[in-house]
Amino acid sequence: MNTAVTPAVATPGSRRSWRAVLRTAAEPWLYLSPALIFIMLVMLVPLVIGISYAFQAISLMNPLESGWVGLANFEALYEDRKFWKSLKNTAYWTIASVFFQFFLGLGLALLLNHGFYGRRLVQALVFLPWAVPTFLSALTWAWLFNPVIGPLPHWLAAIGILSEPYNILSDPNIAIWGPIVANIWFGIPFFAITLLAALQSIPHDLYEAAAIDGASAWQGFIKITLPFLAPMIAITVMLRAIWVANFADLIFVMTGGGPANSTQIISTYIFTTAFRKLDFGYASAIAVVLLVLLLIYAAVLLRLRQSLRLVN
Amino acid sequence: MARIDIVDLCKRFGNIEVISNVNLSFEEGEFIVLVGPSGCGKSTLLRMIAGLESITKGDIIMNDQRVNDLPPRDRNIAMVFQSYALYPHMNVERNMGFSMEIKRTPPDTRRQHVDKAAAILGLGSLMERLPKALSGGQRQRVAMGRAIVRDPSAFLFDEPLSNLDAALRVEMRLEIARLHQRLGSTMVYVTHDQVEALTLADRIVVLDHGVVQQVGTPMELYESPANRFVARFIGSPTMNLIEVAMEDQQLTMKSTHSAIPLPALVGAESATQLGIRPEHLEPMPAGKGHVQGEVEVVERLGSDSFVYVQVPGAGRLLSRCNGNTRLQAGEAVGLSLDPAHLHLFDEKGQALR
Amino acid sequence: MRTVLTIGRNLAVLGYVLFALFPLYWLLKIAVTPDRLIYTEGTALWPTTFTFDNFRTVIFYSDFMVFFSNSVIVSLCSAALATLIAAAAGYSFSRFRFRGKSIIVVLMLVTQMFPLLMIITPIYKIVATLGLLNTLTSLIVVYTAFNIPFATFLMQSFFDGIPKDLDEAAMMDGCTRLQALRKVILPLTLPGLAATLGFVFTAAWSELLFALMLINSNDSMTFPVGLLTFVSKFSVDWGQMMAAGVLALLPSCLFFVFIQRYLVQGLTAGAVKG
Numbered sequence: 473m474n475t476a477v478t479p480a481v482a483t484p485g486s487r488r489s490w491r492a493v494l495r496t497a498a499e500p501w502l503y504l505s506p507a508l509i510f511i512m513l514v515m516l517v518p519l520v521i522g523i524s525y526a527f528q529a530i531s532l533m534n535p536l537e538s539g540w541v542g543l544a545n546f547e548a549l550y551e552d553r554k555f556w557k558s559l560k561n562t563a564y565w566t567i568a569s570v571f572f573q574f575f576l577g578l579g580l581a582l583l584l585n586h587g588f589y590g591r592r593l594v595q596a597l598v599f600l601p602w603a604v605p606t607f608l609s610a611l612t613w614a615w616l617f618n619p620v621i622g623p624l625p626h627w628l629a630a631i632g633i634l635s636e637p638y639n640i641l642s643d644p645n646i647a648i649w650g651p652i653v654a655n656i657w658f659g660i661p662f663f664a665i666t667l668l669a670a671l672q673s674i675p676h677d678l679y680e681a682a683a684i685d686g687a688s689a690w691q692g693f694i695k696i697t698l699p700f701l702a703p704m705i706a707i708t709v710m711l712r713a714i715w716v717a718n719f720a721d722l723i724f725v726m727t728g729g730g731p732a733n734s735t736q737i738i739s740t741y742i743f744t745t746a747f748r749k750l751d752f753g754y755a756s757a758i759a760v761v762l763l764v765l766l767l768i769y770a771a772v773l774l775r776l777r778q779s780l781r782l783v784n
Numbered sequence: 006m007a008r009i010d011i012v013d014l015c016k017r018f019g020n021i022e023v024i025s026n027v028n029l030s031f032e033e034g035e036f037i038v039l040v041g042p043s044g045c046g047k048s049t050l051l052r053m054i055a056g057l058e059s060i061t062k063g064d065i066i067m068n069d070q071r072v073n074d075l076p077p078r079d080r081n082i083a084m085v086f087q088s089y090a091l092y093p094h095m096n097v098e099r100n101m102g103f104s105m106e107i108k109r110t111p112p113d114t115r116r117q118h119v120d121k122a123a124a125i126l127g128l129g130s131l132m133e134r135l136p137k138a139l140s141g142g143q144r145q146r147v148a149m150g151r152a153i154v155r156d157p158s159a160f161l162f163d164e165p166l167s168n169l170d171a172a173l174r175v176e177m178r179l180e181i182a183r184l185h186q187r188l189g190s191t192m193v194y195v196t197h198d199q200v201e202a203l204t205l206a207d208r209i210v211v212l213d214h215g216v217v218q219q220v221g222t223p224m225e226l227y228e229s230p231a232n233r234f235v236a237r238f239i240g241s242p243t244m245n246l247i248e249v250a251m252e253d254q255q256l257t258m259k260s261t262h263s264a265i266p267l268p269a270l271v272g273a274e275s276a277t278q279l280g281i282r283p284e285h286l287e288p289m290p291a292g293k294g295h296v297q298g299e300v301e302v303v304e305r306l307g308s309d310s311f312v313y314v315q316v317p318g319a320g321r322l323l324s325r326c327n328g329n330t331r332l333q334a335g336e337a338v339g340l341s342l343d344p345a346h347l348h349l350f351d352e353k354g355q356a357l358r
Numbered sequence: 225m226r227t228v229l230t231i232g233r234n235l236a237v238l239g240y241v242l243f244a245l246f247p248l249y250w251l252l253k254i255a256v257t258p259d260r261l262i263y264t265e266g267t268a269l270w271p272t273t274f275t276f277d278n279f280r281t282v283i284f285y286s287d288f289m290v291f292f293s294n295s296v297i298v299s300l301c302s303a304a305l306a307t308l309i310a311a312a313a314g315y316s317f318s319r320f321r322f323r324g325k326s327i328i329v330v331l332m333l334v335t336q337m338f339p340l341l342m343i344i345t346p347i348y349k350i351v352a353t354l355g356l357l358n359t360l361t362s363l364i365v366v367y368t369a370f371n372i373p374f375a376t377f378l379m380q381s382f383f384d385g386i387p388k389d390l391d392e393a394a395m396m397d398g399c400t401r402l403q404a405l406r407k408v409i410l411p412l413t414l415p416g417l418a419a420t421l422g423f424v425f426t427a428a429w430s431e432l433l434f435a436l437m438l439i440n441s442n443d444s445m446t447f448p449v450g451l452l453t454f455v456s457k458f459s460v461d462w463g464q465m466m467a468a469g470v471l472a473l474l475p476s477c478l479f480f481v482f483i484q485r486y487l488v489q490g491l492t493a494g495a496v497k498g
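Residue numbers (the numbering used here), protein chains in the order written: chain A, 473 to 784; chain C, 6 to 358; chain F, 225 to 498.
There may be inaccurate statements among the hints.
[To be verified] Each computed SDA-like pair below joins lysine to any residue, with the alpha-carbon atoms no more than 25 angstroms apart: (1) F:Lys388 - C:Asp74; (2) F:Lys407 - A:Leu502; (3) F:Lys325 - C:Arg52; (4) C:Lys108 - F:Leu390; (5) F:Lys388 - C:Arg52; (6) A:Lys560 - F:Gln403; (7) A:Lys749 - F:Val455; (8) A:Lys749 - F:Ser456; (9) F:Lys349 - A:Val541; (10) F:Lys253 - A:Ile640; (11) F:Lys388 - C:Asn96; (12) F:Lys253 - A:Leu597; (13) F:Lys388 - A:Leu494; (14) F:Lys457 - A:Pro644; (15) F:Lys407 - C:Pro93; (16) F:Lys325 - A:Arg775; (17) F:Lys388 - C:Val23; (18) F:Lys388 - C:Ala138; (19) F:Lys325 - A:Leu494; (20) C:Lys121 - F:Arg401; (21) C:Lys137 - F:Gln403; (22) A:Lys554 - A:Leu494; (23) F:Lys349 - A:Arg775; (24) F:Lys349 - A:Pro506; (25) F:Lys325 - A:Glu499; (26) F:Lys349 - A:Met533; (27) F:Lys325 - A:Ala497; (28) A:Lys557 - A:Trp649; (29) A:Lys749 - F:Leu354; (30) C:Lys108 - F:Arg401; (31) F:Lys388 - C:Gly142; (32) A:Lys749 - F:Gly355; (33) F:Lys388 - C:Ser43; (34) F:Lys407 - C:Glu133; (35) F:Lys325 - A:Leu502; (36) C:Lys62 - A:Val493; (37) F:Lys349 - A:Gly539; (38) F:Lys325 - A:Thr496.
Just so you know, these hints were derived from the structure itself, not from any lab.
Let's have the full structure, built from the sequences with the hints guiding it.
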């Protein structure tokens with residue numbers, strides 16, 4: 473258009489210089505690099521090393537007998553009744569915990585969404601368990617179940633659930649309910665908060681329109697609230713299930729997996745094998761099995777989501 | 006002050022070309038308006054001039070220096086954003102003086118420059134306020150003040166008035182025009198509003214789908230649009246278009262084959278559409294004029310009336326006439342086309358004369 | 225009918241509040257119960273007299289203050305480091321489009337889904353090889369890394385809430401990108417930084433299993449480890465343990481009050497991502 477400016481234009485490199493290209497390409501990575509380095513070194517590298525441990529005998533108890541053992545750890549695992557028991561316990565623990573956490577959390581969210589005098593204070597109070605450090609929650613509940621200083625055994629006996637006030641954490645038949653109750657207490661706020669956020673994003677005029685159309689409160693809940701919450705519910709429940717399944721702290725502190733392994737779940741089994749027996753090879757083999765199970769779970773989840781999407 | 010040349014400029018996002026082969030030259034001190042519908046690439050073009058968007062191909066040259074690889078801060082350009090982009094945690098004074106703060110200008114000099122800009126824009130009493138305590142118009146002024154303090158070689162405006170209400174928009178439009186007169190800087194202004202374009206611009210650049218449609222003064226664009234797109238985009242209400250064909254040396258309406266008795270027109274042989282602006286279409290008593298129709302609706306705006314006429318074969322045509330017209334809906338009416346202001350377009354939409 | 229509903233609703237709210245507070249109340253109650261009354265009034269709702277002796281003993285005559293200060297050091301350092309690094313990463317996610325971004329995002333999500341316990345043995349080996357067992361440094365590095373992904377997503381959501389126009393305006397005003405970040409964007413993200421700091425602090429404060437594995441000398445034990453070893457060694461001194469528990473609760477509760485506003489935002493981000 474204008475020839476007076478040719479000097480700059482005539483150069484063949486009227487494309488961007490490679491340095492500028494490099495600079496813009498490198499910039500986001502520069503900001504990301506510290507995070508990536510930490511994640512690589514502290515999480516990914518150990519993960520790979522850990523997988524290799526699963527095929528070795530590494531026990532700090534007898535350091536001389538170390539070396540590659542192929543699938544020996546997995547064969548031992550297959551024969552290990554404690555492992556199968558802990559797998560069963562994991563399912564029981566997860567389903568029971570998430571079930572109660574979710575429904576009680578949903579109830580709380582609905583109550584809080586309603587708005588009443590003092591709602592903000594109530595909200596702060598009922599969310600408090602979420603802020604309590606898990607080891608402390610575990611200790612507190614363990615103490616509550618202790619008949620010497622805790623009231624729960626006495627109350628349970630008084631209403632006839634227990635024949636006499638004893639510590640349920642030492643009864644193999646019901647011990648797992650101790651950590652489950654603690655977990656419910658700890659987990660309700662999580663569901664309540666996420667569901668409350670979702671509830672508050674539902675446009676209010678939808679309810680007004682439904683009310684004008686003659687819908688009852690219950691119909692409003694079924695026809696508007698639930699469909700709106702459904703995606704959020706699906707994703708939180710599924711992801712939370714993974715988290716709870718792997719949540720070892722409560723059980724480890726309250727029962728240590730006992731009595732008689734009645735409360736042992738996979739993740740506590742990994743920890744006790746590593747921490748108490750110092751058998752790193754075997755602990756890593758359990759971890760690898762857990763990893764595979766999680767991958768299967770994730771794959772099923774993704775498949776399910778896809779088919780749901782197709783249906784819709 | 007800056008002269009800006011844009012040479013063979015292209016911008017691709019992935020496979021989508023949003024700017025294709027744009028060539029433009031902005032003279033020193035010129036007020037240029039980039040106008041077009043949303044998504045036409047006008048904002049992208051502006052952001053490329055600012056240095057906020059990378060260049061896929063081509064060059065941007067400011068005062069004979071190629072600036073493609075210069076970061077925004079080295080281009081000596083100020084920009085006023087649609088959202089104003091005032092720093093929420095700084096008061097008006099700091100907002101306006103921020104560029105000098107970055108350059109480590111001594112506080113005294115900074116203060117002087119800020120005060121001067123504040124005086125120009127009448128912001129003197131608001132210096133301590135935070136942006137959230139300002140009205141929309143005041144925020145707009147602060148955003149402009151921030152640009153003025155920089156004393157840049159060019160101002161860029163990205164739809165600066167679109168967040169304001171109608172009355173304020175007119176006021177700020179005047180303010181910007183006044184600013185240009187006063188500072189005489191090169192200004193590049195992006196808008197989708199053709200009224201802003203016509204009132205502010207020395208020259209208008211009409212863009213569509215990343216391609217420059219026409220460059221010219223407001224009157225050039227109004228009087229001789231280069232193509233159908235510009236013709237329809239510039240001017241309000243929009244130009245009437247009638248599908249036409251040449252039959253027996255006579256311009257006729259395509260669907261009804263009824264002749265439009267006009268004198269011979271240059272280039273009429275290949276015309277497929279006839280365009281005429283509402284103000285050049287005059288209602289006549291029935292039977293007179295070039296085409297006949299029936300009044301559908303009359304909109305009275307006081308100074309003007311918009312008369313919508315249903316013409317068999319041409320569809321609905323709009324005539325802009327006197328505010329006190331007596332025409333009523335349902336009335337038969339003739340329309341006279343002003344032969345001096347006819348536009349003919351060929352199959353591709355290019356103007357034929 | 226309406227009043228019945230209202231009463232029912234209020235009762236339900238009351239039930240939730242009691243359920244949430246009762247264990248904490250009990251913790252406090254045992255902590256202030258005098259030793260001699262523990263066995264006679266251990267299960268009563270309130271002791272006939274109360275005392276702060278347990279707190280005094282714990283604070284002045286036990287190792288808990290060492291544990292406490294260890295925990296404060298570890299949590300503060302991890303929180304500061306993780307927040308800083310996550311702020312940079314979150315900024316990158318929020319402001320740049322680049323090749324490979326989605327892979328990195330998925331990678332970070334994956335680290336959130338898998339149980340960290342899986343890597344406890346290799347971490348132990350690595351830390352032992354480096355000679356960093358029984359050091360607070362090892363805990364700080366581990367906690368920082370573990371919290372980076374979540375903190376990054378959190379920071380990203382805060383950065384996303386600040387219009388890009390502000391970065392661009394600052395850069396037009398003569399800032400480099402780094403200056404724009406420091407002078408304009410970070411001051412506006414202060415609440416976000418504080419919230420992230422709080423989240424990481426609480427997470428580091430309550431972590432038990434890695435600390436148990438990596439630390440076994442009394443001098444470098446963190447509070448959870450110290451309390452747990454105390455429990456298993458002297459499981460009779462209830463009052464002191466609970467007094468220590470109350471002390472452990474304090475920092476978390478302080479942060480909780482502080483970040484409560486951001487809880488919904490943070491947990492929503494957390495829920496969506498993992």
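Hint-by-hint comparison with the structure:
no. : hint                : result
1   : F:Lys388 - C:Asp74  : 21 angstroms, holds
2   : F:Lys407 - A:Leu502 : 19 angstroms, holds
3   : F:Lys325 - C:Arg52  : 24 angstroms, holds
4   : C:Lys108 - F:Leu390 : 18 angstroms, holds
5   : F:Lys388 - C:Arg52  : 13 angstroms, holds
6   : A:Lys560 - F:Gln403 : 56 angstroms, violated
7   : A:Lys749 - F:Val455 : 21 angstroms, holds
8   : A:Lys749 - F:Ser456 : 18 angstroms, holds
9   : F:Lys349 - A:Val541 : 19 angstroms, holds
10  : F:Lys253 - A:Ile640 : 22 angstroms, holds
11  : F:Lys388 - C:Asn96  : 20 angstroms, holds
12  : F:Lys253 - A:Leu597 : 18 angstroms, holds
13  : F:Lys388 - A:Leu494 : 22 angstroms, holds
14  : F:Lys457 - A:Pro644 : 24 angstroms, holds
15  : F:Lys407 - C:Pro93  : 12 angstroms, holds
16  : F:Lys325 - A:Arg775 : 24 angstroms, holds
17  : F:Lys388 - C:Val23  : 20 angstroms, holds
18  : F:Lys388 - C:Ala138 : 21 angstroms, holds
19  : F:Lys325 - A:Leu494 : 17 angstroms, holds
20  : C:Lys121 - F:Arg401 : 29 angstroms, violated
21  : C:Lys137 - F:Gln403 : 23 angstroms, holds
22  : A:Lys554 - A:Leu494 : 56 angstroms, violated
23  : F:Lys349 - A:Arg775 : 37 angstroms, violated
24  : F:Lys349 - A:Pro506 : 23 angstroms, holds
25  : F:Lys325 - A:Glu499 : 13 angstroms, holds
26  : F:Lys349 - A:Met533 : 14 angstroms, holds
27  : F:Lys325 - A:Ala497 : 12 angstroms, holds
28  : A:Lys557 - A:Trp649 : 16 angstroms, holds
29  : A:Lys749 - F:Leu354 : 22 angstroms, holds
30  : C:Lys108 - F:Arg401 : 15 angstroms, holds
31  : F:Lys388 - C:Gly142 : 22 angstroms, holds
32  : A:Lys749 - F:Gly355 : 21 angstroms, holds
33  : F:Lys388 - C:Ser43  : 20 angstroms, holds
34  : F:Lys407 - C:Glu133 : 19 angstroms, holds
35  : F:Lys325 - A:Leu502 : 13 angstroms, holds
36  : C:Lys62 - A:Val493  : 13 angstroms, holds
37  : F:Lys349 - A:Gly539 : 15 angstroms, holds
38  : F:Lys325 - A:Thr496 : 14 angstroms, holds
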